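Visitor: Each chain, letter by letter, is given below.
Number of protein chains: 4
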Amino acid sequence: MIIVLKQQASEAEIQQVLDRIESLGLTPTVSRGAERVVVGAIGDERKLAEGAFESMAAVEQVLPILKPYKLVSREFKATDTVIDVSGVPLGGNAVQIISGPCSVESQEQMDLSAKAVHEAGCRLMRGGAFKPRTSPYTFQGLGDIGLDYFKNAASKYNLPIVTELMDVRKIDLFLEKGVDVIQIGTRNMQNFDLLKEVGRLDVPIILKRGMSATIKDWLMAAEYIAAQGNQKIIFAERGIRTFETYYRNVLDVTAIPVLKKETHLPVIIDPSHAGGKAWLVPALSRAAVAVGADGLLIETHPCPSEAWCDADQALNPEQLKTLMKDLRAIAQILGRDL
Amino acid sequence: MIIVLKQQASEAEIQQVLDRIESLGLTPTVSRGAERVVVGAIGDERKLAEGAFESMAAVEQVLPILKPYKLVSREFKATDTVIDVSGVPLGGNAVQIISGPCSVESQEQMDLSAKAVHEAGCRLMRGGAFKPRTSPYTFQGLGDIGLDYFKNAASKYNLPIVTELMDVRKIDLFLEKGVDVIQIGTRNMQNFDLLKEVGRLDVPIILKRGMSATIKDWLMAAEYIAAQGNQKIIFAERGIRTFETYYRNVLDVTAIPVLKKETHLPVIIDPSHAGGKAWLVPALSRAAVAVGADGLLIETHPCPSEAWCDADQALNPEQLKTLMKDLRAIAQILGRDL
Amino acid sequence: MIIVLKQQASEAEIQQVLDRIESLGLTPTVSRGAERVVVGAIGDERKLAEGAFESMAAVEQVLPILKPYKLVSREFKATDTVIDVSGVPLGGNAVQIISGPCSVESQEQMDLSAKAVHEAGCRLMRGGAFKPRTSPYTFQGLGDIGLDYFKNAASKYNLPIVTELMDVRKIDLFLEKGVDVIQIGTRNMQNFDLLKEVGRLDVPIILKRGMSATIKDWLMAAEYIAAQGNQKIIFAERGIRTFETYYRNVLDVTAIPVLKKETHLPVIIDPSHAGGKAWLVPALSRAAVAVGADGLLIETHPCPSEAWCDADQALNPEQLKTLMKDLRAIAQILGRDL
Amino acid sequence: MIIVLKQQASEAEIQQVLDRIESLGLTPTVSRGAERVVVGAIGDERKLAEGAFESMAAVEQVLPILKPYKLVSREFKATDTVIDVSGVPLGGNAVQIISGPCSVESQEQMDLSAKAVHEAGCRLMRGGAFKPRTSPYTFQGLGDIGLDYFKNAASKYNLPIVTELMDVRKIDLFLEKGVDVIQIGTRNMQNFDLLKEVGRLDVPIILKRGMSATIKDWLMAAEYIAAQGNQKIIFAERGIRTFETYYRNVLDVTAIPVLKKETHLPVIIDPSHAGGKAWLVPALSRAAVAVGADGLLIETHPCPSEAWCDADQALNPEQLKTLMKDLRAIAQILGRDL
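Top to bottom, those sequences are chains A, B, C and D. Numbering of the first sequence is given in this note's numbering, commencing with residue 2 and proceeding in unit increments. Numbering of the second sequence is given in this note's numbering, commencing with residue 2 and proceeding in unit increments. Numbering of the third sequence is given in this note's numbering, commencing with residue 2 and proceeding in unit increments. Numbering of the fourth sequence is given in this note's numbering, commencing with residue 2 and proceeding in unit increments.
Chain A on its own, in the form it takes in the complex:
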């Protein structure tokens, strides 16, 4: 940790800073420049409370040196982590396309969806039984029975299922129903009690990025899960909130190479929620594979215009199939399978 002192800091004040560094178990160093005295604090700064030095009169700014995350970092583990999702590898050479409808509506809709997902060549399926809706007056998901419809449909094609968990009290249900991957949604990225609970499971977790979460916030949320023992974490970029209102969110493709540098864990992209419009999905999906994502979450529906939510966002089965060809070709240029 580097502590820059104010220009007018007195010797007594400098000494106070050095004393506090020692009292906190770190080792102080002093460097006197022409305009500023700079103090270093050598040791593990991660355990210090924020503001431990900022509140001292002589301190101008405090610059951390160490990254605040450990278990999820590349420094902790240099090689890529490949997560086994009920037999399907995620995070290795293969790019995995996870597809399915926004929400579970009926057994028939899920059967048709699973067929379409399978026939397009995808190896994982997504779908929501519990939906985080902005309005309390709109469809909130089918709930428990939705998980049954989903698992029934997906099992016929050996597709592991991915679905969102919003409430700690539903964890036992999710395990019982055979959910293969638990998704933590954007709005719960910093629901720390939920993160701690899924951190105690042995189930892969997709951690969606919060609407305005920085890369650091996001890595720290993953660290919450990892610190409890579960290191099967998959980051999912799904667009961030900015000033632009033409499209729902801004897909942050830069986050992919950055996360691949900072963490050993897989990183996927959700182009459907990012753009919010079906016609944007093919272009964003191509960019996602080209930028190096380990997988994609793409919404499909047997009949998009009849979907109970996000009707203008899902691809139909034919569009999914066509898109898969382009994505496969791009993956190959990067030396990957799809």
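Hints should not be assumed to be uniformly reliable.
Treat identical chains as interchangeable: a pair holds within one or across any two.
Claimed, not checked - Derived pair list, reagent style EDC-like, types lysine to aspartate or glutamate, alpha-carbon separation capped at 20 Å: (1) K261 <-> D145; (2) K326 <-> D20; (3) K71 <-> E109; (4) K78 <-> D327; (5) K68 <-> E55; (6) K262 <-> E36; (7) K261 <-> E61; (8) K48 <-> E36; (9) K261 <-> E109; (10) K157 <-> E120.
By construction, these hints were calculated from the structure, which means they are not laboratory data. Everything numeric in this text was worked out from a predicted model, so none of it was measured.
Fit chains B, C and D to the supplied structure of chain A, relying on the hints for placement.
Guide: Only chains B, C and D this time, still in chain A's reference frame:
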């Protein structure tokens, strides 16, 4: 709802839009301009799924007419709601200052804090026993015992207590310990299961604004609570996330007159978390009262530099007392008590 | 234009709105819903002053129907515009890579750069003689002589040159020195007097997106140029400013398909300024081609670590050559040449 | 400057960093921690090119110690600068309200405006003759003759005039017509050639904050002006661009105490452009004075609904008069005159 059609929409496509409007139980109207056909859909649009029309080929854009929130709106209730917080009115003519430490540390610290809060003339006390920390490696709050320390200290001065709830499983504990106001934090503003649960209680709820929540998102989150029956909701602006990094967040004072126009519920401001620095708190607090807030959440600590979290953010008892005088004078200019 | 009236609007107030619509030369229509009266104003709303109706007591909101831009829109011209840049087509089937150093430093550096750009297979060259630097104390560009070095070097390989114009008083110089494409930088996107002046030229203009310009702002800035007669406009996405601080800007790839839908003009991407780091450039460039950009602006330097500005941003000649191969392969998947 | 090296940096790489520091005229220091080697570079880092160290293989991050601005900083001048605006002091104990219409429309409109501004007790007048409009098809200002109308009207009441300059070629005209304060607008905050030119004048400059300019960007823009000799600079906060769309911009009140700490120059607020609605202006103006602004820019119009631009933004003369009373009372609480 207004549906603007594409320039090249055919008569058959226009008819499809009209048919769908009728099939959804609304009444269509058509207006033909020089460059565009515009279709109206008369009726309660709030129950329609998003994207119900956007997915149709002829539709260019869909403009909602009605506001998506009801119970929390000024249209629903024209007069200001005054919430009785264990005898202290919030939302009426009085401006209430809610003060106390970031986190509960010990009985002694809480006793000193309660004394300072009372002596400064504040009538409500805040403090955290369960802390949403960005890092899993830092102090997470004292938990259950913290609530006891807090209630013991506050009771001596008849100060109702305000504290944050992060986990639905802790609700019974909060009721049992006599928490007077439950705070839903920034990171849980769209934790819809938590909102539904506190919506079933008869306890006032402080709903903090999400880091990048729009006014509409925030009102809709309150609607989740209100829809379950609990209309004792207090909005708390605490700064939003922007591109600026000099200060932690940007305090959005414009939100206050806007919310006072849109909702009948009280609106308060948290200048401590917005600025993130004690030296900014007096100026931001003055602005908060001047802009029309119904209350403030101000962090105080008997000895700020020793605080276990956010040490550079809390005022000391003397600073709080001084600030109260200025705030009282500004409130009077607005014809309010403090 | 759609004007939504307040719930309590009186008949007299409604009549006032209708009268004003007529007085402004538009035709009013009225639609009475269960909760709101909605008034339409048929005619060309583009010429109305903003706020013409918002200031009336009965008006709740005003929703424009027509897009505010005309000449640059797809509605005005349905087919893609291909701009002839001194013999090199931009906006057609070919994807053009424009490369070169951040700033012109010397004749030798430009000669080496031109050679590298040519050998990598790029057909256009970029370089700055006038630099918009954040600090007045850093290198501001070589100025006039820089244009000579640049043109000399590029001419040997028949590379048309792209360079930034910051000051209306330099236009004659730019024409005289044979600048092939004038770049309007991010910080001048809404320098309307500059836009008007380049609108009177017969030279292609690259219009970079402002740091927080919406799609609409950007299209309107282009409309300023087009309204003066110059329709040779190339949009350049270069990253937008958000809350994220890990990387300089967030490259907004979604803007590409959106602009291709809204305008007939070419759209290119600058991955170098977006990411701000050379190691990010390959991944972002691949995404840019995959998402459908008509061209890229990539910084190269014969010896990046010795560059006078943005030393950590430029590729070296070898890296550029390698990247071109991947970009060509991706372009082919989209059925394009590169 | 602090340079943090990567964990795996070799001794040879460390030496390269030390060598480069010396070659750039600074003095290196080395500090070896448990996890990282940290190198300091003592000397004036402001002249270094950005990226001078980031491009080296062993470097993880570079942390500047010194602030990049000098002349405008509090370190350079500890006491508040009071600017004499043709006899009216700005930046001292008095809070100055600068009022007038958005744009100059006619002599009569300016006469009525000047009367209203004077009668409300304001001592400075604003008005636009050259308007930066988003659309090329809307009113662009009266131009030269507008300056005459403005000066004529204001002179009767000895009101110094404030008006916006957009084009370097108009500077002589502005001087000739007797403009007392030149305003540099939001869209030109980083129009560096314009900044340099007004830096050579002996006229006070209002420098509006760019739509997404950080505090640092803004101070650096002022440094451009100051570096040319003109230190009569007034910062004007006018709202920043965020994700919120309910109001035009988010007024960033936190910027006021922060600028008062960082710079010796006056800081004012424009509540009219921030909120974009007349009904928001009183609340925002009160907050502005309460937070410590040295002045305000408030739009007034003799008949707001007839204004040629921003009709829903201006106060009428009566509203201005009423507001002045509240502002005066708040200023007095802060020990200031108004």
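Visitor: Take the hints in turn and mark each one as holding or not.
Guide: Evaluation of the provided hints:
For a Cα distance limit of 20 Å, the shortest separation of K261 from D145 qualifies neither inside one copy, at 36 Å, nor across copies, at 40 Å. Taking the shortest Cα distances, K326 and D20 never come within 20 Å of each other, neither inside one copy (64 Å) nor across copies (37 Å). In this assembly of identical chains, the alpha carbons of K71 and E109 never lie at most 20 Å apart, being 45 Å within a copy and 35 Å across copies at closest. Taking CA atoms no more than 20 Å apart as the test, K78 paired with D327 passes in neither setting, with 33 Å inside one copy and 29 Å between copies.
Both within a single protomer and between protomers do K68 and E55 lie at most 20 Å apart by alpha-carbon distance, with minima of 19 Å and 18 Å respectively. In this homomeric assembly, K262 and E36 come within 20 Å of each other (Cα to Cα) only across copies, at 18 Å, whereas the closest approach inside a single copy is 36 Å. For the homomeric pair K261 and E61, the shortest alpha-carbon distance between copies (16 Å) is at most 20 Å, but the shortest distance inside one copy (34 Å) is not. Within a single copy, K48 and E36 get their C-alpha atoms only as close as 30 Å, which misses the 20 Å cut-off; across copies the closest is 15 Å, which meets it.
When the C-alpha separation of K261 and E109 is checked against a cutoff of 20 Å, the pair qualifies neither within a copy, at 39 Å, nor between copies, at 38 Å. In the homo-oligomer, the alpha carbons of K157 and E120 lie at most 20 Å apart inside one protomer (12 Å), although the nearest pairing across protomers, at 54 Å, exceeds that limit.
Of the numbered hints listed earlier, those contradicted by the structure are 1, 2, 3, 4, 9.
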